[in-house]
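Asks: Residue numbers (the numbering used here), protein chains in the order written: chain S, 1 to 137; chain W, 1 to 145; chain Z, 1 to 401.
Please note: incorrect hints may appear among the correct ones.
[What the hints assert, rightly or not] Dumping the calculated EDC-like pairs for lysine to aspartate or glutamate here, alpha-carbon to alpha-carbon at most 16 Å:
#, chain 1, residue 1, chain 2, residue 2
1, W, K142, Z, E50
2, W, K24, Z, D85
3, S, K122, Z, E140
4, Z, K165, Z, E279
5, Z, K130, S, E40
6, W, K27, Z, E82
7, Z, K205, W, E50
8, W, K27, Z, D230
9, W, K63, Z, D314
10, Z, K47, W, E143
11, S, K122, Z, D137
12, W, K142, Z, E46
13, Z, K47, S, E98
14, W, K62, Z, D314
15, S, K122, Z, E133
16, Z, K130, S, D38
17, Z, K35, W, E125
18, Z, K35, W, E130
19, S, K67, W, E143
20, W, K24, Z, E82
21, W, K24, Z, E293
22, W, K27, Z, D85
23, Z, K52, S, E98
24, W, K48, Z, D210
[Unchecked claim] Reference excerpt, derived from the structure (chain Z facing chain S, CB under 10 Å, subset only):
#, residue
25, H42
26, K47
27, L110
28, G113
29, M126
30, K130
31, R146
32, S148
33, V192
Calculated from the structure, these hints are not laboratory results. Where a beta carbon is used, it is the ideal one built from N, C-alpha and C, also for glycine.
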Amino acid sequence: MGFKNYCFKKSLWVFHFGGASCNNCDIEILDCLTPRHDLERFGILLVGSIRHADVLLVNGSINTHDKERLIEVYNQAPKPILVVAIGACGCTGGYFTESYTFAGPVDKIIPVNAYVPGCPPKPEAIIAGIIKLIQNS
Amino acid sequence: MNTGLIIENFMEQFKSDILEVSVKNQKRIIITIMPDAIINVADFLYRKEEFRFIIATALHTKKGFEIHYHFSKDIIGLILNIHVILDKDNPQIESLSNIFNASNWIEREMHELLGINFLNHPNQEKLISEGNWAEGVYPLRKEFK
Amino acid sequence: MSKQTLIPIGPYHPLQEEPELFRLYCEGEIVKDIKWETGYNHRGIEKLSESKTYEQVFFLVERICGICSNSHPFAFANAVEEIADIEITNRAKYIRSIIGELERIHSHLLWVGLAGHFLGYNTVFMWAWKYREPVLDLFEMISGNRNSYAMFKVGGVRRDIEDSKIPIIQKILDDIKKKTDLLTGAVMDDPVIHARTKGVGILTKQDIIDYGAVGPTARASGVAIDVRKDDPYAAYPLVNWKVITSEAGDVFAKAEVRLLEIYESISIIRQCLDGLKKEKEGDISLKVKEIPEGIGNGRAEAPRGEVFHFVQSDGSNSPVRHKIRAPSYVNIATFKKSCIGQTIADATISLAAVDPCYCCTERMAVAYDLTSGEKIMNAFELINESLKKTIELKRTIKSQL
Chain S
1 MGFKNYCFKK SLWVFHFGGA SCNNCDIEIL DCLTPRHDLE RFGILLVGSI RHADVLLVNG
61 SINTHDKERL IEVYNQAPKP ILVVAIGACG CTGGYFTESY TFAGPVDKII PVNAYVPGCP
121 PKPEAIIAGI IKLIQNS
Chain W
1 MNTGLIIENF MEQFKSDILE VSVKNQKRII ITIMPDAIIN VADFLYRKEE FRFIIATALH
61 TKKGFEIHYH FSKDIIGLIL NIHVILDKDN PQIESLSNIF NASNWIEREM HELLGINFLN
121 HPNQEKLISE GNWAEGVYPL RKEFK
Chain Z
1 MSKQTLIPIG PYHPLQEEPE LFRLYCEGEI VKDIKWETGY NHRGIEKLSE SKTYEQVFFL
61 VERICGICSN SHPFAFANAV EEIADIEITN RAKYIRSIIG ELERIHSHLL WVGLAGHFLG
121 YNTVFMWAWK YREPVLDLFE MISGNRNSYA MFKVGGVRRD IEDSKIPIIQ KILDDIKKKT
181 DLLTGAVMDD PVIHARTKGV GILTKQDIID YGAVGPTARA SGVAIDVRKD DPYAAYPLVN
241 WKVITSEAGD VFAKAEVRLL EIYESISIIR QCLDGLKKEK EGDISLKVKE IPEGIGNGRA
301 EAPRGEVFHF VQSDGSNSPV RHKIRAPSYV NIATFKKSCI GQTIADATIS LAAVDPCYCC
361 TERMAVAYDL TSGEKIMNAF ELINESLKKT IELKRTIKSQ L
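Hey, can you work out the whole structure from these sequences and the hints?
Replies: Structure representation (structure tokens):
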């Protein structure tokens, strides 16, 4: 097990980026922190700055206004960073691919390591996605 | 206070500006007026009759550009649509934002989405189009053959 | 010549960074002006709607906002059924109102949690979101999904609430009532919360009327407007309930109105469940052949206020024009009145009090120094300002006891 993988197997710090979303996914992500699912018992913490993060969660269909922000955030992220696209909008653009402001989906803008589909994905699905990511990385 | 009385007062006040009155039922009425009368009508509804401004909808149709201003008289559940039809080539109308603040954002949005000019708007700047689409592009306009 | 500093209003929830929505211009500690830009969430929904059939639009409008995900289909259904002059069955009315009120409960609990977080009461945040979970379980039981329930269609609802499910719903409602009592006690009686929220972010009656604000924001300032009473729809005229108002117009009044509305919602749901028992099981929708030409103005009372949908039909399968107005569109504009004159530490809670729907207002700004153009504070730091004030107040109040 390399040094990098050893680090990733311990507590993961997660940064969340919301694109043009309806916030269902954002709320389900926050729900993972609350007592029923309680991600913090795995050492997973949500942080306020991308520079402290190991994992970047992206949700929402990205519109042209957000695209630059997303690229900027990705560039500021300390490498290696694992990117997870959450929800139907994050994975493929969801319902909004035909819109005149659609600039995504996420994997056309930045490289993505894992996809968690759903509209919104249940907290259990998000946790399962992150764990699969750790096991495979 | 009932719908009949309100409509009577309105028709008395704006006899010469009314083009059409369409009554669906006691709670849904559409009155088409001359665009020039919009300031007086909005002032009358807001200050005298105490209506609340809900929002305005702009449309692009074969007749040109149309706007429905939606006013609500909450006590009786009445929605009064004040409907105006604007010129196809140079759509413009007086802004209502000097009467009340409720129309400020929607007039800016209608300007960005359809290109309607609101005269004397306190700050007709970009609201949602920054970074999303270019100047001179009006996403909600349609192509009519 | 006093220097004006620009301060960010941080991201609405503690995870966002950088998107600029609000810029607070401050002189010292006091907010003097607000500028905002939006557009981060613009998805072109009104235009998308014109290329979808009426049935497909329901799925689209549900995803305008996740927290009031039911209110938009509600208003849209009201608009389309108005065009076609359809009166839905009583059973469908009861089911629609049950879903609407369950959503109100979970949305208000969510808000209480966030307000608690911004004031530095993380326990309130954790409790409120934990007690919200049974409501989401109910949604999953009834509709199959925790959010975005896809329950509505033109002419009725898509799924029934069978009589066998009613006892489970009643039991969970009992539980929610007990937990709301706990939260209400914790929030309403705490002297620090009183100190942080009374007299803060005040909106007068005239402000509300001028901006056309709606929902608990308006009701907390004494403007008693509620679509469910003014322009009744679904099962609201069939059950007994009252509109909750308060007079002070400050953050405390808004919290009070929301907490008391949870009790009203529980009562409405119970009466609707009783009503369901009297209606024939399965009688939940009408066959609708076509939507004729015409115009519909539909509205519904979302947890945040009046949702308004305007639909124009030309007899075809898709709307010709679909205008959507969410309550936060008018409510957020009131920040100009409620934040100016406040200290920076109070700005976060004043903004939160209006309960801006994330997707309407999510991105908050960063602070820049007006003269040098340098970044001063980011959103995270702004929330910390608010937490610092709470800690200070706790110390003061403790020393006075």
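Asks: State for each hint whether it applies.
Replies: Comparing the hints with the structure gives:
Between the alpha carbons of K142 of chain W and E50 of chain Z the distance comes to roughly 11 Å, so the proposed pair stays at or under 16 Å and holds. Pair hint K24 of chain W plus D85 of chain Z holds up; C-alpha atoms about 10 Å apart against a cutoff of 16 Å. Annotation: proposed proximity of K122 of chain S to E140 of chain Z holds, straight-line Cα distance about 11 Å (limit 16 Å). For the given pair, K165 of chain Z sits about 15 Å from E279 of chain Z by alpha-carbon distance, which is consistent with the 16 Å threshold.
With a C-alpha separation of about 15 Å, the suggested pairing of K130 of chain Z with E40 of chain S holds against the 16 Å cut-off. For a cut-off of 16 Å, the pair hint linking K27 of chain W to E82 of chain Z stands: about 11 Å separates their Cα positions. This hinted pair checks out: K205 of chain Z and E50 of chain W have alpha carbons roughly 13 Å apart, not beyond 16 Å. A C-alpha spacing of about 11 Å is found between K27 of chain W and D230 of chain Z, which places the hinted pair at or below 16 Å, so the restraint holds.
Distance check on the hinted pair: K63 of chain W and D314 of chain Z sit about 15 Å apart at the alpha-carbon level, within 16 Å; holds. With a C-alpha separation of about 13 Å, the suggested pairing of K47 of chain Z with E143 of chain W holds against the 16 Å cut-off. Distance restraint check for K122 of chain S and D137 of chain Z: the Cα-Cα separation of roughly 11 Å lies within the 16 Å cut-off, and the hinted pair is therefore satisfied. Distance check on the hinted pair: K142 of chain W and E46 of chain Z sit about 13 Å apart at the alpha-carbon level, within 16 Å; holds.
About 10 Å separates the Cα atoms of K47 of chain Z and E98 of chain S, which keeps this hinted pair within 16 Å; it holds. A threshold of 16 Å between alpha carbons decides the hint, and for K62 of chain W with D314 of chain Z the separation of about 13 Å falls inside it, so the pair holds. Restraint check for K122 of chain S and E133 of chain Z: satisfied, since their Cα atoms lie roughly 12 Å apart, inside the 16 Å limit. Between K130 of chain Z and D38 of chain S the CA atoms are separated by roughly 10 Å; this keeps the pair inside 16 Å, and the hint holds.
With a C-alpha separation of about 12 Å, the suggested pair K35 of chain Z and E125 of chain W falls inside the 16 Å cut-off, and the hint holds. Taking the CA atoms of K35 of chain Z and E130 of chain W, the gap is about 14 Å. The hint holds against a cut of 16 Å. Distance hint between K67 of chain S and E143 of chain W is unfulfilled; the C-alpha atoms sit about 29 Å from each other, more than 16 Å. The straight-line distance between the Cα atoms of K24 of chain W and E82 of chain Z is roughly 10 Å, inside the 16 Å bound, and the hint therefore holds.
With a CA separation close to 13 Å, the supplied pair K24 of chain W and E293 of chain Z stays within the 16 Å bound. Of the pairs offered as hints, the one joining K27 of chain W and D85 of chain Z holds, with about 13 Å between alpha carbons and a cut-off of 16 Å not exceeded. Restraint check for K52 of chain Z and E98 of chain S: satisfied, since their Cα atoms lie roughly 11 Å apart, inside the 16 Å limit. At most 16 Å may separate the alpha-carbon atoms for a hinted pair to count; K48 of chain W and D210 of chain Z meet this at roughly 14 Å.
The criterion of a C-beta within 10 Å of any C-beta in chain S is met by H42 of chain Z, whose closest approach is roughly 6 Å, and the hint holds. Taken as an interface hint, K47 of chain Z checks out: its beta carbon lies about 6 Å from the nearest beta carbon of chain S, inside 10 Å. The interface hint given for L110 of chain Z holds, since its Cβ lies 7 Å from the closest Cβ of chain S, which is under the 10 Å cut-off. With a least beta-carbon distance of about 8 Å to chain S, the hint placing G113 of chain Z at the interface is held under the 10 Å criterion.
Hint on M126 of chain Z holds. Least Cβ distance to chain S is approximately 6 Å, under the 10 Å limit. Contact between K130 of chain Z and chain S, as hinted, is supported at the beta carbon level, the nearest pair being about 4 Å apart and thus within 10 Å. Look at R146 of chain Z: its Cβ gets to within about 6 Å of chain S, closer than 10 Å, so that hint holds up. A least Cβ separation of about 6 Å between S148 of chain Z and chain S falls short of the 10 Å threshold, and the interface hint therefore holds.
Restraint check, V192 of chain Z versus chain S: the minimum CB separation of about 23 Å is more than 10 Å; hint violated.
Hint compliance for this structure: hints 19, 33 are broken, all remaining hints hold.
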